[in-house]
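Chains as they are written, first to last, in my numbering: chain A, 473 to 810; chain B, 473 to 810.
Where hints are given, some of them may not hold.
You can't tell identical chains apart in this list, so a pair holds if it fits in one copy or across any two.
Claimed, not checked - Here are the simulated BS3-like pairs of lysine-lysine, each with C-alpha atoms no more than 27 Å apart in a straight line: (1) Lys778 with Lys792; (2) Lys540 with Lys509; (3) Lys505 with Lys540; (4) Lys593 with Lys535.
Read the hints as simulated data drawn from the structure, not as lab findings.
2 protein chains.
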Amino acid sequence: MSMLDKMIKNAAGRFVPEKINGKPVVPFMGVGKYRPKGVHHSPAITSNIDYPADGNKQVSTLKQALIKAGLRDGMTISTHHHFREGDLVANMVFDCAKELGVKNLCWFPSASFSCHSYLLKYLDDGTISHIEGSMNGPLGRYCSEGKMSKTAVLRSHGGRYQAIQDGDVIIDIAVIGAGCADPFGNANGVNGPSASGLLGFALADAQYADKVIVVTDNMVPFPCIPWQIQGNYVDFTVQVDRVGIPEKIVSGTTEVTRSPDRLLIAEMTARFCDVTGIIHDGFSFQAGAGGTALSVGNYFGDIMRKKGIKARFARGGSNKFLVKMLEEGLVESAFHSG
Amino acid sequence: MSMLDKMIKNAAGRFVPEKINGKPVVPFMGVGKYRPKGVHHSPAITSNIDYPADGNKQVSTLKQALIKAGLRDGMTISTHHHFREGDLVANMVFDCAKELGVKNLCWFPSASFSCHSYLLKYLDDGTISHIEGSMNGPLGRYCSEGKMSKTAVLRSHGGRYQAIQDGDVIIDIAVIGAGCADPFGNANGVNGPSASGLLGFALADAQYADKVIVVTDNMVPFPCIPWQIQGNYVDFTVQVDRVGIPEKIVSGTTEVTRSPDRLLIAEMTARFCDVTGIIHDGFSFQAGAGGTALSVGNYFGDIMRKKGIKARFARGGSNKFLVKMLEEGLVESAFHSG
Numbered sequence: 473m474s475m476l477d478k479m480i481k482n483a484a485g486r487f488v489p490e491k492i493n494g495k496p497v498v499p500f501m502g503v504g505k506y507r508p509k510g511v512h513h514s515p516a517i518t519s520n521i522d523y524p525a526d527g528n529k530q531v532s533t534l535k536q537a538l539i540k541a542g543l544r545d546g547m548t549i550s551t552h553h554h555f556r557e558g559d560l561v562a563n564m565v566f567d568c569a570k571e572l573g574v575k576n577l578c579w580f581p582s583a584s585f586s587c588h589s590y591l592l593k594y595l596d597d598g599t600i601s602h603i604e605g606s607m608n609g610p611l612g613r614y615c616s617e618g619k620m621s622k623t624a625v626l627r628s629h630g631g632r633y634q635a636i637q638d639g640d641v642i643i644d645i646a647v648i649g650a651g652c653a654d655p656f657g658n659a660n661g662v663n664g665p666s667a668s669g670l671l672g673f674a675l676a677d678a679q680y681a682d683k684v685i686v687v688t689d690n691m692v693p694f695p696c697i698p699w700q701i702q703g704n705y706v707d708f709t710v711q712v713d714r715v716g717i718p719e720k721i722v723s724g725t726t727e728v729t730r731s732p733d734r735l736l737i738a739e740m741t742a743r744f745c746d747v748t749g750i751i752h753d754g755f756s757f758q759a760g761a762g763g764t765a766l767s768v769g770n771y772f773g774d775i776m777r778k779k780g781i782k783a784r785f786a787r788g789g790s791n792k793f794l795v796k797m798l799e800e801g802l803v804e805s806a807f808h809s810g
Numbered sequence: 473m474s475m476l477d478k479m480i481k482n483a484a485g486r487f488v489p490e491k492i493n494g495k496p497v498v499p500f501m502g503v504g505k506y507r508p509k510g511v512h513h514s515p516a517i518t519s520n521i522d523y524p525a526d527g528n529k530q531v532s533t534l535k536q537a538l539i540k541a542g543l544r545d546g547m548t549i550s551t552h553h554h555f556r557e558g559d560l561v562a563n564m565v566f567d568c569a570k571e572l573g574v575k576n577l578c579w580f581p582s583a584s585f586s587c588h589s590y591l592l593k594y595l596d597d598g599t600i601s602h603i604e605g606s607m608n609g610p611l612g613r614y615c616s617e618g619k620m621s622k623t624a625v626l627r628s629h630g631g632r633y634q635a636i637q638d639g640d641v642i643i644d645i646a647v648i649g650a651g652c653a654d655p656f657g658n659a660n661g662v663n664g665p666s667a668s669g670l671l672g673f674a675l676a677d678a679q680y681a682d683k684v685i686v687v688t689d690n691m692v693p694f695p696c697i698p699w700q701i702q703g704n705y706v707d708f709t710v711q712v713d714r715v716g717i718p719e720k721i722v723s724g725t726t727e728v729t730r731s732p733d734r735l736l737i738a739e740m741t742a743r744f745c746d747v748t749g750i751i752h753d754g755f756s757f758q759a760g761a762g763g764t765a766l767s768v769g770n771y772f773g774d775i776m777r778k779k780g781i782k783a784r785f786a787r788g789g790s791n792k793f794l795v796k797m798l799e800e801g802l803v804e805s806a807f808h809s810g
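Put together the whole structure using the sequences plus the hints.
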């Protein structure tokens, strides 16, 4: 954000920029006060003329797929975080971009992890201009220190889906890593050496991105069953050696934090939610993963017990904390969101 | 179609109207010659402000739901045909429209059946101006005799999905009958007294219609699992006494025709497909239901045996004819499409 950008006061009395990265943004107007206008984003109509008659959309390399997808300066490239600390796909994408000399890309992951500190060099050399998504560990520090050339935007997972659906963020190319895929582009995360579980965070990307590339290390004959990513949305498929490191896919974010600072943040977050009145009988919440988020869920449990209320449902990874709340009857249903 | 509409010659040398019901249409230009432009249809962005905070979208009657959905003259109203001869929903919808004095509606079913001859009176009195979909039995006769006030448009099931997706047909209100639903709008066709099987033909309607109403005779507490229709797309839910007549849901269209005329039509259709070169190793086809369509599939089998080729996949109801071809190895995979 340029220091010259105009600041305006939002309904909470805070000064916020009128534009972020040159694009007008809507300041907070108060609960239920903002009514969005317009229609959902819609990608261009495609035609069978432009796809192989036999349905085989496989190209030889990720670089080739990115070239065919029209990769160029200033585009927004999305990836998902289901491989967590074991993700190899996002780093590969920007290696290709660097080789091709493409600049000023916006990286739009559903989340980032320490393994993506590999991308700091591409933030330094201008391959990536900024991140819209989450910025953890070294990437977070990089942002906090003001080193990113454009302004980082952090979104909740639900907010990310909304932003894609409503066209607030237009994804030029979505690169979807999958544990299993067929050459047509049907894909899932449940089979193969890099199985990650569900690919829910890539659904909006598949549906709304202008071009969609599916990358897998486990290409199976058509049809890949079950398909969570629908091949109908996919433009190109690629087989690579590895998309993820299995032992790191499960790591890091499925244990409650022991850090006193983070526990305090979690407790304050839960108390904040309680004070605002959004914790009521029949409410719902996303517990998320990550030590702090899991702890928030636990504090929610304490509040529900004290109030004698329960949640209609909770979304989150199906971890032991959520399952315990389900068994205890504190949440009526638990949905696994990926 | 008015006799004054201008006719133009298409690439097959036939004269076709430039407009249908006042809307420009694209004449056949030759295989692979037409490249559609523009973007997919996208419904308006909605806001939580306009929905109940507890997620309960249930209204008391279908009529109330139609009023809330803004039913008015000239709208396009879609229904699906999964209840086949046992469908009660489409007739109910137009009873409501009649009561409300709404005129000139376009009925856009995924298919129609003899049970819908009930709607002839609404075609007569101007409640319904025309049908875009299929016109079987009495409705077909009505069209053939030139009694419909506007021009009927018949589309294939795949073509219907394309037309919705690309905005060729904009559905104002989709009314989706479901064997099971919850008040939020999650719905399936596999549970309850009017279970019909999958609701695949209503997916495009749910995703692209401006307003979506789910009607069920089996409202269950949230969440309805599995959900095939996503409640996120649904605006209103309604419980009625009955949405379908179970013994008629399975009737009529799952046996091969014995009519010599229809068998000849089926054989000629299969021969036509063969001559055009679209029956080749690795092709795919939708067998559909209905006596004639099933027979076409059987003739395809004969051609494949003779040529020593097989189909990559076939779509269709999972009837015995398709299953036999699967077992014989004539088709590699069979997909159940609804």
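Checked hints:
1. Only within a single protomer do Lys778 and Lys792 lie at most 27 Å apart by alpha-carbon distance; the minimum there is 21 Å, versus 58 Å between protomers.
2. In this homomeric assembly, Lys540 and Lys509 come within 27 Å of each other (Cα to Cα) only across copies, at 20 Å, whereas the closest approach inside a single copy is 34 Å.
3. Taking the closest pair of Cα atoms, Lys505 and Lys540 come within 27 Å of each other only across two copies (22 Å); inside a single copy the shortest separation is 43 Å, beyond that limit.
4. Taking the closest pair of Cα atoms, Lys593 and Lys535 come within 27 Å of each other only inside a single copy of the chain (19 Å); across copies the shortest separation is 61 Å, beyond that limit.
Going down the numbered hints, you'll see the structure goes against none, and every one checks out.
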